[in-house]
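Asks: Here is what each chain is made of, one letter per residue.
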Amino acid sequence: MTQHMIDISLTVNGEPVDEQVEARTTLVDFLREDLALTGSHVGCEHGVCGACTVRVNGAIVRGCLMLAAQCDGATVETIEGLSDSGEVADLQAAFEQRNALQCGFCTPGMIATAQELLARAKVNKTMPSRDEIREHISGNYCRCTGYHAIVDAVEAVAKQRAGEQQ
Amino acid sequence: MKITADSPPVLTALDRPNSYIGRAVPRPNLARLTQGRGQYVSDIVLPRMVHVAFVRSPHAHARIVGIAADAAKKAPGVIAVVTGAELAKVMTPWIGVLTHLKGLKSAPQAPIAVERACWQGEAVCAVVARTRAQAEDACELVEISYEELPAVTDAETALDAATPVIHAGLGDNLCFERKLDAGDVDKAFAESDAVVEATFRTGRHTGVTNEARSIVADWNASEQRLTVYQGTQAPHMTQDIFAKHLGLATHQVRVLTKDVGGSFGVKVHIYADEMATAALSKLLKRPVKFVADRLESFVTDIHARDHRIKAKIGVKRDGTITAFEIDDLTGIGPYSVYPRTSGIEANQVVNLVGSPYTCPNYRAQTHVVFQNKNVMCQYRGVGHPIAVAVTEGLVELAAAKIGMDPLELRRRNLMPDDGYPTQSASGLKLEKLSHHEALAHLDSMMNYAGLRAEQATLRKEGIYRGIGFASFIEVTNPSAAFYGVGGARISSQDGATVKLDAQGMISIHSGVTEQGQGTEAVLAQCVASSFGVPLERVRVVIGDTDNTPYGGGTWASRAAGIGGEAAWQAGKALRQNVLAVAASILQAKPEDLDINNGIVVDKASGNERLPLDELARIAYFRPDTLPPGFQAELMATRHYVPRGWPFAFTNGIQASYLEVDTDTGFVKLLKHWCVEDCGTIINPQLVNEQIRGGVVQGLGAALYEECLYDERGQMLNGTMADYLVPMAVEMPDIECGHAVSPTADSELGAKGAGEAGTAGAPATVMNAINDALRPLGAAPLTDMPFTPDKILRALGKV
Numbered sequence: 001m002t003q004h005m006i007d008i009s010l011t012v013n014g015e016p017v018d019e020q021v022e023a024r025t026t027l028v029d030f031l032r033e034d035l036a037l038t039g040s041h042v043g044c045e046h047g048v049c050g051a052c053t054v055r056v057n058g059a060i061v062r063g064c065l066m067l068a069a070q071c072d073g074a075t076v077e078t079i080e081g082l083s084d085s086g087e088v089a090d091l092q093a094a095f096e097q098r099n100a101l102q103c104g105f106c107t108p109g110m111i112a113t114a115q116e117l118l119a120r121a122k123v124n125k126t127m128p129s130r131d132e133i134r135e136h137i138s139g140n141y142c143r144c145t146g147y148h149a150i151v152d153a154v155e156a157v158a159k160q161r162a163g164e165q166q
Numbered sequence: 001m002k003i004t005a006d007s008p009p010v011l012t013a014l015d016r017p018n019s020y021i022g023r024a025v026p027r028p029n030l031a032r033l034t035q036g037r038g039q040y041v042s043d044i045v046l047p048r049m050v051h052v053a054f055v056r057s058p059h060a061h062a063r064i065v066g067i068a069a070d071a072a073k074k075a076p077g078v079i080a081v082v083t084g085a086e087l088a089k090v091m092t093p094w095i096g097v098l099t100h101l102k103g104l105k106s107a108p109q110a111p112i113a114v115e116r117a118c119w120q121g122e123a124v125c126a127v128v129a130r131t132r133a134q135a136e137d138a139c140e141l142v143e144i145s146y147e148e149l150p151a152v153t154d155a156e157t158a159l160d161a162a163t164p165v166i167h168a169g170l171g172d173n174l175c176f177e178r179k180l181d182a183g184d185v186d187k188a189f190a191e192s193d194a195v196v197e198a199t200f201r202t203g204r205h206t207g208v209t210n211e212a213r214s215i216v217a218d219w220n221a222s223e224q225r226l227t228v229y230q231g232t233q234a235p236h237m238t239q240d241i242f243a244k245h246l247g248l249a250t251h252q253v254r255v256l257t258k259d260v261g262g263s264f265g266v267k268v269h270i271y272a273d274e275m276a277t278a279a280l281s282k283l284l285k286r287p288v289k290f291v292a293d294r295l296e297s298f299v300t301d302i303h304a305r306d307h308r309i310k311a312k313i314g315v316k317r318d319g320t321i322t323a324f325e326i327d328d329l330t331g332i333g334p335y336s337v338y339p340r341t342s343g344i345e346a347n348q349v350v351n352l353v354g355s356p357y358t359c360p361n362y363r364a365q366t367h368v369v370f371q372n373k374n375v376m377c378q379y380r381g382v383g384h385p386i387a388v389a390v391t392e393g394l395v396e397l398a399a400a401k402i403g404m405d406p407l408e409l410r411r412r413n414l415m416p417d418d419g420y421p422t423q424s425a426s427g428l429k430l431e432k433l434s435h436h437e438a439l440a441h442l443d444s445m446m447n448y449a450g451l452r453a454e455q456a457t458l459r460k461e462g463i464y465r466g467i468g469f470a471s472f473i474e475v476t477n478p479s480a481a482f483y484g485v486g487g488a489r490i491s492s493q494d495g496a497t498v499k500l501d502a503q504g505m506i507s508i509h510s511g512v513t514e515q516g517q518g519t520e521a522v523l524a525q526c527v528a529s530s531f532g533v534p535l536e537r538v539r540v541v542i543g544d545t546d547n548t549p550y551g552g553g554t555w556a557s558r559a560a561g562i563g564g565e566a567a568w569q570a571g572k573a574l575r576q577n578v579l580a581v582a583a584s585i586l587q588a589k590p591e592d593l594d595i596n597n598g599i600v601v602d603k604a605s606g607n608e609r610l611p612l613d614e615l616a617r618i619a620y621f622r623p624d625t626l627p628p629g630f631q632a633e634l635m636a637t638r639h640y641v642p643r644g645w646p647f648a649f650t651n652g653i654q655a656s657y658l659e660v661d662t663d664t665g666f667v668k669l670l671k672h673w674c675v676e677d678c679g680t681i682i683n684p685q686l687v688n689e690q691i692r693g694g695v696v697q698g699l700g701a702a703l704y705e706e707c708l709y710d711e712r713g714q715m716l717n718g719t720m721a722d723y724l725v726p727m728a729v730e731m732p733d734i735e736c737g738h739a740v741s742p743t744a745d746s747e748l749g750a751k752g753a754g755e756a757g758t759a760g761a762p763a764t765v766m767n768a769i770n771d772a773l774r775p776l777g778a779a780p781l782t783d784m785p786f787t788p789d790k791i792l793r794a795l796g797k798v
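Which chain is which? The protein sequence lines are A and B, in order.
First residue of the first sequence? That's 1 in the working numbering, and the numbers climb one at a time after it.
First residue of the second sequence? That's 1 in the working numbering, and the numbers climb one at a time after it.
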């Protein structure tokens with residue numbers, strides 16, 4: 001079998017990375033297997049479940065629908081980076097306090113997705129409603145919680161951040 | 001930020017000073033999961049580890065004529081290509097039968113198909129390579145020639161003389177049958193003022209755990225020991241089974257279970273591909289990893305709930321239910337699943353229909369048949385969602401027929417709250433339930449009268465909303481009556497070992513497991529309370545057969561009620577041991593002392609006498625200062641198994657409020673309520689989240705989820721794009737309430753809470769849709785899932 005290897009240089013969680021990857025390697029496989037960043041999870045590998053959600057150049061993407069080779073020159077942030085920087089510390093605390101996770105497999109992707117909504121709300125100076133929160137996280141599958149607690153946690157952080165802004 | 005628990009703590013007699021029982025404390029270790037630092041089996045990498053991928057049968061039923069593997073063996077990275085015949089030399093086959101399900105039969109099943117594949121997706125050949133991608137590449141190069149055989153796919157005709165028999169040695173396609181006849185059913189129907197008949201269907205669906213089934217098996221030839229990292233609910237059970245079929249002693253097998261990405265009953269069974277992975281490790285003498293991909297999951301994870309139930313209810317004009325009768329049929333795939341069998345679900349349907357009600361007249365039969373589809377077995381709620389849909393569907397159809405409010409009809413038939421102990425018509429022994437208290441609580445919580453008024457007003461505007469209910473009971477805390485008596489080596493007892501370390505901290509080792517339910521929190525709460533330390537001083541160790549007491553694991557809503565009681569008792573036992581040490585140091589009597597908030601205190605005054613770290617220092621490092629002959633025992637183990645009752649039944653009632661778009665057939669879920677009685681509530685937040693998660697799993701079954709097969713046994717929708725699961729935007733907020741009837745079988749009094757949500761939710765949606773459409777003259781919908789297509793058909797629009 002012909003191996004198509006591609007050199008890529010990118011920034012992952014603030015660190016420069018230079019690697020050679022097979023052309024077919026997905027971003028999430030690259031993160032998990034080559035960089036041992038196992039916080040991004042593989043749930044369906046066809047773009048439905050959202051367990052592999054990571055941030056590329058500031059926007060959330062499905063790590064299973066993007067190739068590592070497409071990330072040459074990109075800035076990639078995973079749950080490990082978001083945790084270390086403290087950017088989502090309040091969301092993480094709210095998820096823990098409200099039991100907005102059970103098995104935790106969807107949680108890194110769910111938090112990255114929720115953070116996008118809350119960041120946008122902050123810029124627009126709006127407060128997402130429960131329905132808007134539900135709509136926004138509907139690309140992230142959670143089989144355990146039934147979503148209610150996740151909506152509670154995201155809503156609580158939205159209110160908390162709005163309060164801090166005033 | 002302030003997040004408050006959404007239901008107040010329920011105080012119980014278990015309130016010691018600083019008790020955590022009844023408090024919504026957060027689970028320990030959650031930061032590990034929110035920060036992406038969990039360790040799921042799919043994350044595990046070991047030295048020399050290789051990956052297996054399976055070539056799976058594209059046919060529902062086929063003879064394997066030949067396997068040409070030369071090209072695959074030469075492919076990059078390939079270590080081995082192994083057939084079923086080759087693996088059969090390493091591992092013995094199994095048969096999924098239990099003796100207490102009389103007459104249940106099944107055929108021997110091998111880790112990889114030998115000679116014949118019996119469902120689309122059965123593994124036919126294994127390819128082991130350095131990477132999963134290389135293994136999958138090489139799978140493409142394995143050439144297998146098949147002779148396609150007739151596929152048995154329709155359960156209705158599986159027992160017909162003209163239908164081929166899947167396993168010739170069994171004589172027919174019947175796995176199991178059961179008949180039950182209680183009271184005088186014919187007389188009761190004859191004396192009824194109204195009789196309602198309906199045929200219910202509960203679509204075949206599957207668990208769709210977010211993390212697929214995963215295993216790393218590591219046979220170390222130098223130690224003659226197999227270490228298995230497995231996402232399982234029952235490590236001691238799989239330890240026993242790996243050992244048995246690999247010809248090892250159980251102490252040669254260690255099963256480790258760290259984080260598990262969802263289970264719901266899917267991960268409590270024995271899967272051929274996981275067994276094959278262990279056998280391959282033994283064969284190749286190195287770690288082998290298998291992680292099912294999503295497409296494999298759909299055709300190999302157990303399916304469940306594929307039942308057709310012809311059902312009948314009799315009722316008098318005053319609302320008295322006179323009789324229930326059901327004829328149940330279910331197709332469970334080509335094998336009864338090992339070791340729990342595929343007969344339990346149908347058996348539960350027979351046990352549970354009519355069970356909330358006083359009606360003594362009940363006749364039932366079930367036929368469990370083989371077919372060439374993926375296997376079915378126990379999945380969250382096992383049989384309950386089916387039995388509840390049938391019972392509660394009949395109850396609301398009967399109420400409509402005699403023109404009585406559905407809640408009122410229930411009030412007139414539910415078992416009285418002061419009538420326990422008693423038993424159901426099917427013979428289930430019921431210790432203490434609270435149907436009427438739960439119903440009254442639900443009535444006020446949802447403002448039923450107000451919703452009925454709103455419904456009537458909106459109907460005038462052409463908006464069709466419906467309200468549906470479901471009362472139910474649920475099996476929890478199973479004794480040996482569930483599996484052990486039938487010969488399964490599945491532990492119904494569980495143990496806990498609690499020890500005090502040299503800094504006065506507590507660790508607990510338990511045989512129950514965690515897949516996200518909050519098991520670790522519950523164990524910590526029990527021990528912290530019964531021993532007397534702050535929660536943060538307790539560390540929980542689970543999921544390791546080398547380092548935990550022998551136990552059953554987490555299934556059938558048993559972890560809190562059984563594992564929690566063992567932990568509670570172990571904490572108490574350690575307290576006595578520690579107080580004996582304290583008494584010898586303080587020259588006091590143990591009975592005059594207690595432990596409160598991590599400090600030995602005078603029981604009467606509460607005055608602090610000795611911190612635990614000082615006690616531990618003396619006991620571990622200066623035992624020479626203790627009285628001669630005194631030996632400190634700072635570790636205690638207790639076990640628990642329910643003995644007074646075969647099961648601790650819980651009860652509850654749910655309601656759904658929804659709106660049907662009569663032009664599109666779409667259903668919008670507006671709100672859901674559940675009042676449940678799981679006895680003592682150890683952690684109200686965790687109980688509520690079990691209910692909510694379970695409800696949504698049931699809502700998925702009612703509206704979206706079904707494994708669709710064609711007549712040749714091909715699954716048609718085995719992707720997450722085609723098999724729909726509930727996502728956040730379709731789901732309603734879910735309000736929870738509680739009644740509390742502790743079981744007297746344990747000191748803690750806790751019953752299980754994990755499955756009640758799933759048990760009742762599908763029936764509420766069915767009843768609410770029918771309630772919404774009744775004024776339009778629609779035929780009752782009884783065929784789950786209730787897709788827009790079926791709703792439009794019922795309305796006569798397509």
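FYI, nobody ran anything at the bench for these hints, they're computed from the structure.
Each residue gets a CB set at the ideal place from its N, CA and C atoms; glycine is no exception.
Errors might be hidden in some of the hints.
[Stated by the list, open to error] If you anchor each label on the Cβ, the simulated ranges turn out as follows: (1) B:P775 with A:R120: 41 to 49 Å; (2) B:R32 with A:N57: 37 to 45 Å; (3) A:K125 with B:F666: 46 to 54 Å; (4) B:A481 with A:R120: 34 to 42 Å; (5) B:T637 with A:V17: 43 to 51 Å.
Asks: Decide, hint by hint, whether the structure agrees.
Replies: Cross-check of the supplied hints:
| no. | hint | verdict |
| --- | --- | --- |
| 1 | B:P775 with A:R120: 41 to 49 Å | holds, 43 Å |
| 2 | B:R32 with A:N57: 37 to 45 Å | violated, 28 Å |
| 3 | A:K125 with B:F666: 46 to 54 Å | violated, 34 Å |
| 4 | B:A481 with A:R120: 34 to 42 Å | violated, 55 Å |
| 5 | B:T637 with A:V17: 43 to 51 Å | holds, 49 Å |
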